[in-house]
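**Student:** Chain by chain, the residues run as shown.
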Amino acid sequence: MKDRDDALNWFMLVLRRDLTLSFRRSATYITPLIFFLIVVTFFPLALGPSQSLLSSMASGIIWISALLSSLLAVEGIFSEDYRDGTLDQYFVSSEPVFVLIFAKVLCHWLVCGAPIILASIISSIFLYLPSGALIALIISLLLGTLFMSLLGALGAALSLGKSAILSAIIVLPFSIPTLLMGTAIMSAAINQQDYSGFLLIMGAMLAIGIPGLCLLTVEAILLNYE
Amino acid sequence: MLDSLQILFLMDGNGPYVWSCLLILIIVTGVNIIIPIIRLNKISREGNLEE
Amino acid sequence: MNRIWSGIKNWLIAMGSPPLFYRWATSSLPWLAGLAFLMFSAGLIWGIGFSPADYKQGDVYRIIYIHVPSAILAESIYLLMAVGGFISMVWRAKIAGMLINSAAPLGAGFTLVALVTGSIWGKPTWGTWWVWDARLTSTLILFFLYAAIIGLHSSIENKTKADRAVSILAVLGVVIVPIIKKSVDWWQTLHQPSTFTLTSSPSMAPEMYLPLLVCVLGFYCLFVFMLSNSLRGEIISRERDKAWVKKQFFKQ
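Here the protein sequences line up with chains R, L and E, keeping their order. To convert, count from 1 in the first sequence and add 13; that's this note's numbering. To convert, count from 1 in the second sequence and add 3; that's this note's numbering. To convert, count from 1 in the third sequence and add 860; that's this note's numbering.
It should be emphasised that the hints constitute simulated quantities derived from the structure, not laboratory data. You may find that some hints are simply not true.
[As the list claims (entries may be wrong)] Short derived list, chain E residues pointing at chain R, Cβ under 10 Å: (1) Ile-947; (2) Ala-953; (3) Leu-1002; (4) Leu-1050.
[As the list claims (entries may be wrong)] Cut-off 20 Å, straight-line C-alpha distance, at most; resulting in silico cross-link-like pairs (EDC-like, lysine to aspartate or glutamate): (5) E:Lys-954 with E:Asp-1101; (6) E:Lys-983 with E:Asp-993; (7) E:Lys-1041 with E:Asp-993; (8) R:Lys-175 with R:Glu-93; (9) E:Lys-1102 with L:Glu-49; (10) E:Lys-1021 with E:Glu-1099; (11) E:Lys-916 with E:Glu-1099; (12) E:Lys-1042 with E:Asp-1101; (13) R:Lys-175 with E:Glu-1017; (14) E:Lys-954 with R:Glu-232; (15) E:Lys-1042 with E:Asp-914; (16) E:Lys-1019 with E:Asp-914; (17) E:Lys-1106 with L:Glu-49; (18) E:Lys-1019 with R:Glu-232; (19) R:Lys-175 with R:Glu-108; (20) R:Lys-175 with R:Asp-94; (21) E:Lys-1107 with L:Glu-49; (22) E:Lys-1041 with E:Glu-935; (23) R:Lys-175 with R:Asp-97; (24) E:Lys-954 with E:Glu-1099; (25) E:Lys-954 with E:Glu-1017; (26) E:Lys-1021 with E:Asp-914; (27) E:Lys-1021 with R:Glu-232; (28) E:Lys-1021 with R:Asp-19; (29) R:Lys-175 with R:Glu-232; (30) L:Lys-45 with E:Asp-993; (31) E:Lys-1019 with E:Glu-1099; (32) E:Lys-983 with E:Asp-914; (33) L:Lys-45 with E:Asp-1101.
Note that the structure is predicted; figures quoted are calculated from it, not measured. Virtual Cβ for every residue (Gly too), placed ideally from N, Cα, C.
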């Protein structure tokens, strides 16, 4: 019993610490929002402002921009803690490290997910997204960005924080199921069909992904310490 | 004999497709075989110089 | 039976040691090359030269003898890399990491051949160079996965670290690949316009099927040769300051 309490305490400690640090610097939560909006703006600029065209492509554009934004935002998740030695403390402690890593990823999702959701709501106006799909957009993006944060953390750990574009190449193919699920949810919502089945699938991916990806991320971070 | 070779080569106008596929296969396979050999030869030349 | 199993096990364990593998590869290379060349050309000549023409597609279907074995090999090589990654992660066997690094360009090459030949096959049969059908899309994604492994390995200076990083990627990849394929299949059925049908023959006459089998076997033999060739070079370049390399390789 005592062991479980300790792990939970450590989890909350890491979570609180990361949240405090993230909110101190406004850049952490503003930049994903701005990047998202810039990418979304480029599509009408490149494709023309026709409402019917943009409306038909809206869910895809918003999802792609969300993937790219959450991927790029998670790049620096380990670099500071690695440099000042906090990460070493996690490994030296007697708690399972992947729990603490998940605390970091969760914090990152809480901090960057909200701006991305906000950006997607704004984008749904820019791209004339059909109105019935807004709720589906928010729910699917909530799940999707969590999965992307997990994957992005693994990518950041594998490329040892050196190259963001390499991390993107590694991680993006693995995000294809999430992308397909998310856009399927959007199409179902636009056609006013039931999309709860897809949500369950995304939930299942998260259920496996959270422990699995965090464990692999721990392995990847350990590469830094050779 | 020459007639059947002609038929084989052209394949009713589809010849270029099939033969270009074969060419690509041979090029990719060849490159993948030759590059390790070249690397090995470079090492054996360098190694003797070091010593 | 038990003797055979323990014999195979002992051989596999012996192959895990770089100097022993190097010796085996160097001595077997001519035989492997000969066998590969024999099977490979037999299959291709039979298929392209002598099998009967398809009644729907004519002679263009002969591309199948290059396209299908390449695609099969592309997937098998990824599986092999995943096994190598697992062995490298669990048993820290150096040769497993070197195996991943040697096999990756080969796998990427076969995937590229599959993609390009598939595209060339599509032009006369479907009328277009590319179509987003489930198989071509999954093969393209597989190519990206190979590119990720090659890119990651080349970006890390310390090659032992690079091996470990790539093992993680390979193991994760093999778990995700079935999921990707399933979701791409399902994405296809979701979006496919009903008027479009693929010209694939699910049941082939034996005169067409047998050369295909020979081709697949031939490609596998070719891969074994290519991998031994490449892995041999990788071992030497990684272990070049070891004593056994100085004896066996330089003092030839």
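**Student:** Does each hint hold? Answer for all of them.
**Tutor:** Going down the list of hints, with the structure as the test:
For E:Ile-947, the shortest C-beta to C-beta distance to chain R is roughly 15 Å, which exceeds 10 Å, and the interface hint is violated. Violation of the interface hint for E:Ala-953 is found here, the shortest Cβ-Cβ separation to chain R being roughly 16 Å, above the 10 Å cut-off. Given the 10 Å rule on beta carbons, the hint for E:Leu-1002 holds: about 9 Å separates it from the nearest Cβ of chain R. The beta carbon of E:Leu-1050 comes within 7 Å of a beta carbon in chain R, closer than 10 Å, and the hint placing it at the interface holds.
Simply put, E:Lys-954 and E:Asp-1101 have alpha-carbon atoms about 15 Å apart, close enough for the 20 Å limit, and the pair holds. Taking the CA atoms of E:Lys-983 and E:Asp-993, the gap is about 14 Å. The hint holds against a cut of 20 Å. Under the criterion of a C-alpha separation no larger than 20 Å, the hint pairing E:Lys-1041 with E:Asp-993 is consistent with the structure, at around 11 Å. The hinted pair formed by R:Lys-175 and R:Glu-93 meets the criterion: a straight-line CA distance of about 13 Å does not exceed 20 Å.
Distance check on the hinted pair: E:Lys-1102 and L:Glu-49 sit about 15 Å apart at the alpha-carbon level, within 20 Å; holds. Taken as a hint, the E:Lys-1021 and E:Glu-1099 pair is honoured in the structure, with Cα atoms around 15 Å apart against an allowance of 20 Å. Of the supplied pair hints, the one linking E:Lys-916 and E:Glu-1099 is violated, its CA atoms being roughly 55 Å apart against a limit of 20 Å. With a C-alpha separation of about 47 Å, the suggested pair E:Lys-1042 and E:Asp-1101 falls outside the 20 Å cut-off, and the hint is violated.
A threshold of 20 Å between alpha carbons decides the hint, and for R:Lys-175 with E:Glu-1017 the separation of about 12 Å falls inside it, so the pair holds. For the given pair, E:Lys-954 sits about 17 Å from R:Glu-232 by alpha-carbon distance, which is consistent with the 20 Å threshold. For the proposed pair E:Lys-1042 and E:Asp-914, the alpha carbon gap of about 30 Å is over 20 Å, so the pair is violated. Restraint check for E:Lys-1019 and E:Asp-914: the C-alpha separation of about 50 Å exceeds 20 Å, so the hint is violated.
Distance hint between E:Lys-1106 and L:Glu-49 is fulfilled; the C-alpha atoms sit about 12 Å from each other, no more than 20 Å. Restraint check for E:Lys-1019 and R:Glu-232: satisfied, since their Cα atoms lie roughly 16 Å apart, inside the 20 Å limit. About 28 Å separates the Cα atoms of R:Lys-175 and R:Glu-108, which puts this hinted pair outside 20 Å; it is violated. Restraint check for R:Lys-175 and R:Asp-94: satisfied, since their Cα atoms lie roughly 15 Å apart, inside the 20 Å limit.
Using a Cα cut-off of 20 Å, the hinted pair E:Lys-1107 and L:Glu-49 holds, with the two alpha carbons roughly 15 Å apart. With a C-alpha separation of about 12 Å, the suggested pairing of E:Lys-1041 with E:Glu-935 holds against the 20 Å cut-off. Taking the CA atoms of R:Lys-175 and R:Asp-97, the gap is near 17 Å; set against the 20 Å cutoff, the hint holds. Distance check on the hinted pair: E:Lys-954 and E:Glu-1099 sit about 10 Å apart at the alpha-carbon level, within 20 Å; holds.
A threshold of 20 Å between alpha carbons decides the hint, and for E:Lys-954 with E:Glu-1017 the separation of about 16 Å falls inside it, so the pair holds. Proposed proximity of E:Lys-1021 and E:Asp-914 is contradicted: the alpha carbons are some 51 Å apart, above 20 Å. For the given pair, E:Lys-1021 sits about 11 Å from R:Glu-232 by alpha-carbon distance, which is consistent with the 20 Å threshold. A C-alpha spacing of about 33 Å is found between E:Lys-1021 and R:Asp-19, which places the hinted pair above 20 Å, so the restraint is violated.
Distance hint between R:Lys-175 and R:Glu-232 is fulfilled; the C-alpha atoms sit about 17 Å from each other, no more than 20 Å. Restraint check for L:Lys-45 and E:Asp-993: not satisfied, since their Cα atoms lie roughly 44 Å apart, outside the 20 Å limit. Note on E:Lys-1019 and E:Glu-1099: the hinted pairing holds, with a Cα-Cα distance of about 11 Å set against a maximum of 20 Å. Taking the CA atoms of E:Lys-983 and E:Asp-914, the gap is near 17 Å; set against the 20 Å cutoff, the hint holds.
Restraint check for L:Lys-45 and E:Asp-1101: satisfied, since their Cα atoms lie roughly 15 Å apart, inside the 20 Å limit.
Hints 1, 2, 11, 12, 15, 16, 19, 26, 28 and 30 from the list above are not met by this structure, while the remaining hints are.
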